[in-house]
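Trainee: Sequence:
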Amino acid sequence: MFDRILTLFAPVQSYRTPLPPADAQHALGALLVRVAQADRAYLFQEVERIDRILTKRFALSPLDAAKMRAGCERLAAEMPDTDALTAILHEVISQQDREDTLLALWQVVYADGHQHEDENELVTLVQTALGVDAATCARLRSTARAAA
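Positions in the sequence shown are counted from 1; adding 40 to them yields the numbering used here.
These are calculated hints, taken from the structure and not from any lab test.
Just so you know, these numbers come straight off a predicted model, no measurement behind them.
C-beta: ideal position from N, C-alpha, C; glycine also.
Incorrect hints may appear among the rest.
[What the hints assert, rightly or not] Computed Cβ-Cβ distance ranges for the label pairs, DEER-style:
id : residue 1 : residue 2 : range
1  : 157       : 103       : 31 to 41 Å
2  : 176       : 132       : 14 to 24 Å
3  : 103       : 173       : 31 to 41 Å
4  : 175       : 123       : 20 to 30 Å
5  : 168       : 101       : 31 to 41 Å
6  : 103       : 176       : 29 to 39 Å
7  : 104       : 175       : 33 to 43 Å
8  : 117       : 165       : 10 to 20 Å
Taking the hints into account, I'd like the entire structure generated from these sequences.
Mentor: So this is what it looks like as structure tokens:
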């Protein structure tokens with residue numbers, strides 16, 4: 041009986057799921073989440089857009105994309121350095137994939153119908169870190185805006 045009482049006062053073990061690996065796929069997902077949250081409003085339209093991007097980009101089912109996004113949300117929260125996420129991508133993806141990444145980021149920016157300066161600054165930071173020139177980034181931004 042005393043053992044049962046003592047277990048009530050024992051430290052609670054954490055049952056948190058482990059963070060997803062900091063690989064290129066999850067780094068991209070975390071950047072998408074971070075851009076969506078940059079204006080401090082994480083809206084349904086942005087979540088839906090992220091899920092669609094992950095579904096298409098990685099050939100996932102909608103359920104698997106939502107699960108991946110949830111892991112990416114945790115990664116974005118636990119990994120505070122945007123440069124670290126961008127460095128993961130820079131090391132392993134091609135120039136075309138870098139441009140596709142920027143297009144996806146702009147799509148998330150325009151998903152809620154509102155463009156915020158904090159989102160723009162974050163995409164510009166990623167653009168610079170990925171080594172994509174400003175003219176290409178402007179073209180990708182226009183493409184995303186026209187499709188929104």
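Trainee: Determine for every hint whether it applies to the structure shown.
Mentor: Okay, the hints, checked on the actual structure:
1. 157 with 103: 31 to 41 Å: holds, 34 Å
2. 176 with 132: 14 to 24 Å: holds, 20 Å
3. 103 with 173: 31 to 41 Å: holds, 37 Å
4. 175 with 123: 20 to 30 Å: holds, 23 Å
5. 168 with 101: 31 to 41 Å: holds, 34 Å
6. 103 with 176: 29 to 39 Å: holds, 34 Å
7. 104 with 175: 33 to 43 Å: holds, 36 Å
8. 117 with 165: 10 to 20 Å: holds, 18 Å
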